[in-house]
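Please construct the entire structure, taking both the sequences and the accompanying hints into account.
Chains as they are written, first to last, in my numbering: chain A, 1 to 1014; chain B, 1 to 520.
Please note that a few of the clues may not be correct.
Claimed, not checked - With a straight-line Cα cutoff of 30 Å, these simulated BS3-like cross-link-like pairs (lysine-lysine) come out:
| hint | chain 1 | residue 1 | chain 2 | residue 2 |
| --- | --- | --- | --- | --- |
| 1 | B | Lys-486 | A | Lys-688 |
| 2 | A | Lys-800 | A | Lys-744 |
| 3 | A | Lys-690 | B | Lys-506 |
| 4 | B | Lys-486 | A | Lys-767 |
| 5 | B | Lys-490 | A | Lys-767 |
| 6 | A | Lys-288 | B | Lys-490 |
Since the hints were made in silico from the structure, they are not lab data.
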Amino acid sequence: MVKVKNKKKNLAESTASKRDQQKKILNPFEVHINKEKQKVLGRKNKADHGLPGTSRAKAINKRKRTLLHEYKVKDKDNAFLDRRIGEKNAALSQEDKIMARFAAERMKAHKKQDIFNLNDDEVLTHRGQTLAEIEKFDDPKSDDDEFSDDENKTGKLDKKFVSEAHFGGGVLSKPDSQMSRRDLIDQLIAESKKRKAEKQKIREQTIDLTEKLDSEWKDLLPLVAASKKTAQDSEEKSKADDYDIAMRELKFEARGNPTDRLKSEEEIAKEEKEKLEALEANRLARMKGFTDDSDGQPKHKSADDLDDGFYMESIEEEPLAYGEDGMLKVEKKKSNESEDHDGSEDNKSSDEDSGVDDEGNALKQQNKHIGEHLSKNESTKIELEDEEKEEQEQRIQKLENRSNEDVEKMAKLMGWDVISITSKLQENDPYDNIPVLKISDDNDNNNDKVKVQSDSTPSRTIKLKEKNLSKIIEEEENDSLNETGSEKESSEEEDNLSDLKESESSSEDDSSNKKNVRFSNSVSEKKSVSDNVDSTQKPKSILKVKNNEDSGSCKLTDETRKLEIKADLMKRKEIMEKARQELPYTYKAPDTFEELQELLEDRLPDYQSVIVERIIKCNHPSLGEGNNEKLANLFAYLLQHLNDCALGETIEDLVKCFQIFDRLCPHLYDLAHMNPLNTKICIQEVIKEKHEEFERNKKRYPGLDTLIFLKLVSLLFPTSDFRHPVVTPCLVFMSQILTRCRVKSRSAISKGLFISTLVLEYTLLSKRFAPSVINFLRGVICMATAKPPVQIIKTIPPFKSTGEFINLLIPEKEQTSLNINPKETRLNINDLLQDELNDEFRVKALLVAVNLLSEFRNQLEELEAVYSIFEPIVKLLKMNTWKRYPTNIKEHIQKIHKDLEELKNKRLEYMVLAKKKPKALRLYEPRIEKVYDGKRHKPMSKEKAEREKLLHKYKREMKGAIREVRKDRAFLAKVQIKQQIKSDAERKRKVLEIFGEASVQQGELNKIKRKKAK
Amino acid sequence: MSGAAVSSIQKIPTKYLRQKAQEFLTSRKHANNLVDIIAQWDQQDSGISCILTLETIFLEVLKRGDMYQERTITLTIGEPSAESRYISWLRNCFEEVWAKILASIESCRSGVQLQALSTAIKLMAEEGKAPLEPTGDLEYYFPLHRLKHILMSLLSPEKDNVHLIARFQELANYLDALYFTWKCLPSLTPKRQPHEIYIKNLLELIDKLPLPKDAQGEATKNSELLCGPQQATGGFTWDQTSARRALNKTWACVMHWELTPQLHKQLLVVLLERVMPHLEKPVLLTDFLMDSLDADGPIGLLALQGVFLLVTQHNLEYPNIFTKLYSMFEPEIFHTKYKARLFYLSDLFLSSTHIPEALVAAFAKRLARLTLVAPAEDILIILLFIGNLLLRHPGLKRLIDHPQGGEVHAEDTSSAADPFLMEERDPLQSNALMSSLWEIRALQWHVLPSVATAARFIREPLPSVEYDMAAALERTGGHIFERELKNRVKEIMLTFERPTSMALPKGERLLQYWQLTSSH
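Quick look at the structure:
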């Protein structure tokens, strides 16, 4: 405080004193007063008086400091700058200066670019050479032997000599040597001369010898040439012609143009991944739909709008967290966003990823990894049934029987496979597709096996890995089989055939009998094994579900489904092979539906698939002009074909229909991608037609032909979009079906559940809410609930609260012995057809409804009103006693009931409107009013006026500059003339001096002359 | 072949009939033709042609005045003249034909029925113009006895005559016919319980017959008369009071009947739309309406509308009306035809700005709950409705913008977090004001984009003008479907992951619950 005060005081004083000084200096004679012609009140005139003298002096002083200085150092190039640290600072002592300089030096060293270089920067030297150079131990004079060790070819003195003779070394190091320094040097010179002479001599000798040899060879030459030429001469000539032709051809042949480098597999995969990610991001954006336009970026931004910069962006910070396996959870979260349902699967796959990476590196790590799993799945271990243990132990026993050599060989064989697969796994993004998931499962299986074993040796784990990998390879083959031609796959086959067989022999006894099994057979056998394995694993997976409740059920079913798919694929592969061979390779694109029917009629689904595939290939749009339309027609015909198939009335027909649908899906997908617009129109037409059909009879569930198209839509179009020209009408359609159709029979219930499942599938990613489905499930559950005698339970149409159908789904008898796995309940195609109910269907339908309900619950969990949505169902579930159901089903349902009850405790927050950003005041351009300044302005355009103004300004500046330059020159001229005058004066003085001396001399001379004359 | 044969058989009698009629009309020599033609009536399926022939004959006869008979007191009891004998014979024939026509109105074939009805009306009109007997000093002659018979056959207790009544409705354009119909009705309505079908027919008839509010003035001049113009008299005058009295009399009888739910509904509709404004003492309906109110569904709703009319126009006091209305909002309403009426009514009820906010809030909240189960088209209506409620009652803003915000403090842990009580019957005690419209926020995640966008209104400041619900009330699910189909987009998005089978590359659910590609 005090300080500040002082400072203020000082400041005030200084200004005051300055003012005083100014006043003091003001000499009235030095003041020039500018006369004002008119006095205007209130106007302050800056230039009412001037001080010409002072200002001139100021200017001159300034020039003296600048211009004069420059003039003086003109033509003088060097200037010495002392940049030593602290040199000019008198406050620093000598030691301080040294310290500061040293510190600066160190700093500089640390600032170097190679900060990661842990080695010392100081280069250690020994006798002028860096240590690195010395350690090379290279012998520079290896190629030329003419110089001896002592002397290198550069002619420099050798090391020995230098060490002895230079720097007086000779005297100091060898005090006892007899020879004096001079002698030594003489000796040296003599030696070198001698050596040179020898060298010269040898060189001359060689030259002589070569010349001699040459001359002799020339003599021999005609003899040799004659013997060769005789027979081959003519032949060679003709041959040469061929060669020439070939050569010229090659010469003028069009050469391959340089293209972009072929991308490596990794790069392709990476690009693929990026593309998928972009598409996924795009999809998410579309899913959000309306949120985009409402709180997106402000539309317009004014240049000087400060407020809009204050746009709050919500940055979702994800807490950095680690999963149980030490993987970053970020990935998991990301996958959760996209695939909410099987987050745990992803989790798993990600940690499997890491595991597989390890495989490639070292087996030790592999073991460790498995160890982790062991600890993780300990609870599972305990629960394993005894039988299963035995079974697995047997299997392991078989594995052990194999010799160690065999194992090593296998490891080698598999080596490259491991690597290739790891690379594939690495490429896979968080949203892995099936193959990777499969791998993870398989790994699990293996881990379990290992765990059961009492002591797991490394070799055994290798075996297991191999088996595992062979499975993976199979799957990959299957994939490739589906996607591309058979050629590619065959090569892979050859590669893996051996190890497949071997692994098979390890696990299966009987397979040793057939050594030359065909690949496909062996694979299918293999498949059965894996199936077997899985069936034993089932209880385990249920227990797992308990660990992570949410995704458990889907994971489990995924597993089984995958296995089924696998088995199915194997069978199919065989058929496909056959189909590929039997069918002709080219097909004409059908012009009418009848033509297509002729082609496809009575064919097996796989055959149909192959036919369609070939039609597409033969008529690819890149191959011809009209192919696009042809394929567009083909798409429409295929839809018709599907429709016709779905109209079948027997179960076999429908199973076949779904098989056909299953096989045709990829091709429909391809066709859709070739012509999206046509696809949209076709599907829209179909849906419209089906809807019209439905409108005619609103109370009846539409047939399978409608349902199958609804499924197709979910395959071809992204169902998560906020609004989509095909998907949205389908959703409307499905809601209508669910709200209107009467539920009276088994098929009606099944179809309703089918549609509910479809809606779930549609809304899975977008997590949207469909009241009609919840209502339907509520109705189904209500049908399965035994009502108290008096009370009428309210239902929502189409379900009735009274009447004969209200107890449709209550089992008639006790069904406690029914063996159904509540998590794997699947309804059958049969249920879609038949009308009469049986108790098994009743239980199954209820289970499916409850399972669906639980999925919807997870989906809608985040909504605030979620309990209100599920409240009626919770009450229904509470009412039921489940006496007629098996205990496991009862428990399952009660668990879901509990989950639903828990929603009640969800904390709610009052709704508050988002605070509006206060609207910024509108900013206007400053309004400038013209002031009358007495000057006349020419009327001119704005631009021109601006230009004039600039020109005027320029002129003034120019004048000012010229004036300054003149003044400068005058100043310089003055300086120069002063110098001139000064030097002239000097010269004059000197001349006078000389003259004076000369006259004195003359005077003396004259004096002498005069003396002489005297 | 057979078709041609049938037509030829039919054609001959038609031709024959026409010829006979022609002969009959040209000279009295062929008078017996008439008997032949009448005899034809029942013989074959040529009913319509026979009716038509007789219609032309009698229209002509009436026009000529051949059946006109001065009512003279014959002093001589001698033989009547040939002329008068012919006339009386003709009139007997005419009566016979009338009887047959009335009988065929009740016949089973609808074509014959309709033809008979129109013939009867035409004959009645012609008779009105040219009476059979001198009309005396009657101001305006109308063949009432004919009309009464027609009405009796229309209101048959055995058959549902909706189509005939619809035809009869054409008559209502003629003021005189309308007037006399009203006059006839009281005598046709029995005091004691009639048959159901009779009630139905009667209600249908009343529904179809308009009763002009004040027809005395210009309506008399402008509208046509069925039996006019009549030279003799000064013309027809509409007597509003007597028409109203007739209606009141009729209705007084109707009110005493017992009704099935179906008829109850119809009766309420007729009452509300036709009868109510003309009743002399509508307050007398209070008991009836109160009883009806207790019924569920549409009956209750219609009764509520009646009560509302009484409350607003006839000073009835009924404090529970809002509770009643509140209880009508049940999930079932979305599947009845009266949904639009309910929304219209509740919009009307709640249009007052003087009702307590807690009440309106309860309505808003209850409706919001209903959206969770409603079909899409109804959600759109409800959203508009809630929007209007929020607009009218600024205090309700707290439902979407709570002044304090923060978490809801549940009173006891057993109940759900939402303080609103759906089960509470009294809207004032449902705690609606303590709640928020979370349901609408849930709707923002509705599968249908139109609903999701409509539910967005709570995020933006409310508009200054109320939403127009009229268009939304008429929309059905089909509309939404069509609109979504028509929705134009620039780019058709496709999935980007190629499926290898019918399973989705990710997120497959169908195959998780369904076994489709194999039969077991």
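Taking the hints in turn, this is what the structure says about them:
The suggested pairing of Lys-486 of chain B with Lys-688 of chain A holds, with an alpha-carbon distance near 11 Å, which does not exceed 30 Å. Annotation: proposed proximity of Lys-800 of chain A to Lys-744 of chain A holds, straight-line Cα distance about 10 Å (limit 30 Å). The hinted pair formed by Lys-690 of chain A and Lys-506 of chain B meets the criterion: a straight-line CA distance of about 27 Å does not exceed 30 Å. Pair hint Lys-486 of chain B plus Lys-767 of chain A holds up; C-alpha atoms about 25 Å apart against a cutoff of 30 Å.
For the proposed pair Lys-490 of chain B and Lys-767 of chain A, the alpha carbon gap of about 25 Å is at most 30 Å, so the pair holds. Proposed proximity of Lys-288 of chain A and Lys-490 of chain B is supported: the alpha carbons are some 18 Å apart, at most 30 Å.
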